[in-house]
Amino acid sequence: MSNPVKILIVDDEEAAGNILQLLIEKHIPFEKEIRYCISPDAALKLLPEFQPSLVMLDIEMPNMTGFDFLNNAVSSNFDIIFTTAYDKYAIKAIRFSALDYLLKPVDIVELQNAINRHIVKRNSPGYNGQKELVGNLIQNLKQKDPGEFRLAVSVKEGVFLFEPKEIICLEGLNNYTRFSFTAQKPLLVAKTLKEYDEILSEYNFIRVHKSFLVNKDHIKRMDHDGQLWLSNNINVPISRRKKEEVTKLLVNKK
Amino acid sequence: MQVNGNSIDLTDAKLLSDLKYNQNRLLVRFALLDFEQPQGITYWYNLTGSSDNWVSNGKNTELIFNELQPGHYTLHIKATNASGHVISKIASIALNITPPFWKTWWFRLLLATAAAGIIYYFFRRRVKSVKDKADIQQQITELESKALRAQMNPHFIFNSLNAIQELIVTNKVTEGYQYLSSFSKLLRMVLNHSEKNLIRLSEEIETIQLQLSLEALRFKNAFSYSVIVGDNIEAEMINVPPLLLQPYVENAVWHGLRHKVGDKGLWVMIKETGQQLEIEIEDNGVGRARSAEINKQKLGLEQFESKGSALSGQRIKLLASQYPDTAAVYISDKKDENGEATGTVVKIVLPSNLK
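Order-wise, the sequence lines are chains A and B. Taking the working numbering, I'd label the letters of the first sequence as residues 1 to 254. Taking the working numbering, I'd label the letters of the second sequence as residues 1 to 355.
Think of the hints as simulated: they come from the structure by calculation, not from any bench. Treat the hints with care, as some may be off.
Derived DSS-like pairs (lysine-lysine); straight-line CA-CA distance at most 30 angstroms [claimed, not checked]:
1) K194/A - K298/B
2) K210/A - K271/B
3) K196/B - K88/A
4) K121/A - K271/B
5) K243/A - K220/B
6) K271/B - K104/A
7) K355/B - K220/A
8) K191/A - K185/B
9) K248/A - K271/B
10) K104/A - K185/B
11) K196/B - K104/A
Extracted from the complex, chain A is given alone in its bound form (with noise of 0.2 angstroms):
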């Protein structure tokens, strides 16, 4: 790979832009050539000649949000790495699209990390780009209600997309998680279960084991044993921590 990684940042306070792009410099041992803009308007201007294969996004700038700068560059091809200092909506909805981020000021193991993911995808082969995440994750700003976003799921295959509704459960395998849906075979995605469980808390999900995420809306049934049967008719065990809640969940059901 002879080419070098064109990373753009785009930043409106030039302090973070100028650190993210020294940081880069120092501690990315890649090849690399990096621009830097301080306005979303002179990086879309920038795009066509320079053609970055990842961009460094703030999200709140003046004029125009990181958001809409990614509306209005839909012709160009890149990765996204989001860098915001707090803004808990934005980054619910960016982990809701299976997007990387980054929180100011950047830690610099989580940037190589980050950087790292993007350059190995962009060498594996069929790598097609972001374009369908940052389509899902458009569409999710444009609910106005959380609870009609749809969760991104991106595997080998492609990406999924998925509201909270269609899925049954999630088993954590280590550092995979097993998905089981109403309507599709289960897909397995290299993320915790704790990473969906802080995405889906808030989801009618209920974690009811360590190993298991469940939907409420997808219980069915308790059996003596313990166990929980689902619509799909699979059965998961119950933590004994949560016996009790989930009995009450059962109750208040009938």
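Got chain A; can you put chain B on it based on the hints?
Chain B alone, transformed into the frame defined by chain A:
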């Protein structure tokens, strides 16, 4: 005359006027005192209070009344001959059957009053319990916001910034940068946690580890520490109140270990027994008594030190009012065989099934 099968004396007017509610089976025998005993004699009776019409009793000289309701009655009896002429005086007996106490107006009024009273009492009790709960909730909220302020106490914030400044000035730029990003990570966690009533134990452990790494940096790595989590602990599934442990950890570092000469260590141990979560924060520092003594000798120092742990103590106490027997904090001093202080152990017990 018989009442409930017992003969009574008709001249005892008092008795007849005061029959009990269950003395209501009456038998009255009578006869016309006429030696001629005319043919076609018919006896009539009329029980005012029960019916106003004369009722024929035929030739029968007995009258039976079963289960007369309480009330005032006058029984009249007369006799007629075959042509319907009254041939006797009208005999009258006044009766009074008193109602049982539970049918009296005063009893019903009493009953209604008592019922209203009981309902009111339970209503008040419910209102009070709701209010008590709201009070406890409010206290918890207040203590939580105080806990945030105490955790992010100015000493911690500015000394951390000072440590970063020192790393920059001495040209340890990368360390300075790492310190800064860890510090902001902790700040972010504390801000996020302070909005919640409960957080995952895993999050609290992460916060403690970050705090300890920052304290160790500030302390020039002069103490060692470890956070030991029991194998059976499902840290992602257990909820704990946020920012509860940090003050005790900070105390251990800044009051236990700072004054100590020689090997300095701090251990956080988390285990679960039954429905209880036990967290021990142990140091091998100078102990509470010595630390207090040292602090007393210092002039003009704001006594900020135990504010944080005092707040945590209050929060645990409040938790104990909701979960008796499963929430408590015990602080004990470690001593060697000579009775010399060898450190402090803070043991915090929490219910492991908070939700």
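Hint check:
1. K194/A - K298/B: Given pair K194/A, K298/B is violated - Cα atoms ~47 angstroms apart, limit 30 angstroms.
2. K210/A - K271/B: Roughly 17 angstroms between the alpha carbons, so the hint for K210/A and K271/B holds.
3. K196/B - K88/A: 14 angstroms, holds
4. K121/A - K271/B: 41 angstroms, violated
5. K243/A - K220/B: 47 angstroms, violated
6. K271/B - K104/A: The given pair, whose Cα atoms are some 35 angstroms apart, is violated under the 30 angstroms limit.
7. K355/B - K220/A: The hint holds at about 22 angstroms.
8. K191/A - K185/B: 22 angstroms, holds
9. K248/A - K271/B: Given pair K248/A, K271/B holds - Cα atoms ~27 angstroms apart, limit 30 angstroms.
10. K104/A - K185/B: 9 angstroms, holds
11. K196/B - K104/A: Cα-Cα ~23 angstroms, so holds.
Violated hints for the displayed structure, listed by number in ascending order: 1, 4, 5, 6.
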